[in-house]
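Line order of the protein sequences matches chains A and B. So in numbering that gives the first Met the number 0, the last spot in the first sequence is 98, and the numbers never skip. So in numbering that gives the first Met the number 0, the last spot in the second sequence is 156, and the numbers never skip.
None of these hints come from the bench; they were simulated from the model. Built from N, CA and C at the ideal position, the CB exists for glycine as well. Wrong hints could be hidden among the right ones.
[To be verified] Partner residues aside, some chain B positions facing chain A, computed with beta carbon under 8 Å:
1. Ala7
2. Thr65
3. Leu90
4. Pro106
[What the hints assert, rightly or not] Covered, in the sense of this in silico footprint (three residues per stretch, anywhere, with C-beta under 8 Å from a C-beta of chain A), are these stretches of chain B:
5. 44-57
6. 94-104
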Amino acid sequence: MMPIYFLGLGFAIFAVGICGMVASRHFLVMMLSSEVAIIASTLLSTMFFYFSVNGDIIPLLLSLWSVASIEVMALVVVYRYLVKMEIGFDVTKMSNLKN
Amino acid sequence: MYLIMFIALALVELLSIALIFVFKDVLHSVLSLAMAFFANSLLFLMLDQPLLALLQLFVMVGGMATFLFVGVASVGTSRFVHANLTFLLALSVAFFLITFYLAADTPFPVQQQNLLSGTAIAGELASGSGQLYTVVFALFGVALGAITMLRRISVMR
């Protein structure tokens, strides 16, 4: 009975993460939303593997956490770029890039 | 008891995630995400997966520290409305209902209790997993506390 609750929670967190990226205009908050989606995917993948006989989940989780690490590195690179270009974190002003 | 603990942790996690979008200060948003990570690792403990709970905290220490550094550095450039909360709430509820309806409608096979392989803490370390978790949690707390203090010092100057 319990896994369905965990699945429900995982889907709820995933929904907030994905929709947070759409509804935000702050670059850092968008990155935080993707982290939320990643923690939801770790929870969801663990729950789905509960229904599997061959549940070798470690490679999958490591790949998920690798994606999270790459995202953090990308954040630093983009942050440096935004500061250098004096754009700020408002993604609605990203159109300044064309200038 | 198990269900009450689950509900409490789920509420803490969902509330922490919601606060990410409510807070105006990015630093507070990052701390709120850290709280969500901690609640998530406790959920892994509830699933009898202490190794995954440890890894969750360990892996995210670095990520949180980077986010905190950027959050501290970007205080001056973050003074605008970060998210449309009404739009976020409506979209999240719709997205959740669609995805969970599809998943709940799926006929799952019989649950295999704890057959995840490679996730057990082996040997003598297994008896000390509680202490390991405490050490990792302390590292997590020290990393967050140090950078938050950095912000305080920079504000005082």
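Each hint tested on the structure:
1. Among the interface hints, the one on B/Ala7 is violated; its C-beta lies about 12 Å from the nearest C-beta in chain A, farther than the 8 Å criterion.
2. The interface hint given for B/Thr65 holds, since its Cβ lies 5 Å from the closest Cβ of chain A, which is under the 8 Å cut-off.
3. At a threshold of 8 Å, the smallest CB-CB gap from B/Leu90 to chain A is about 4 Å, leaving the interface hint in force.
4. A cut of 8 Å between beta carbons decides the hint on B/Pro106: the least distance to chain A is about 11 Å, and the hint is violated.
5. Chain A is given as covering the segment 44-57 of chain B, and this holds because 5 residues of the stretch bring a CB closer than 8 Å to a CB of that chain, at least three being needed.
6. Three residues within the 8 Å Cβ limit are the bar, and the segment 94-104 of chain B against chain A gives 6, so the coverage statement holds.
In summary, the structure is inconsistent with hints 1, 4 from the numbered list given earlier, while agreeing with the others.
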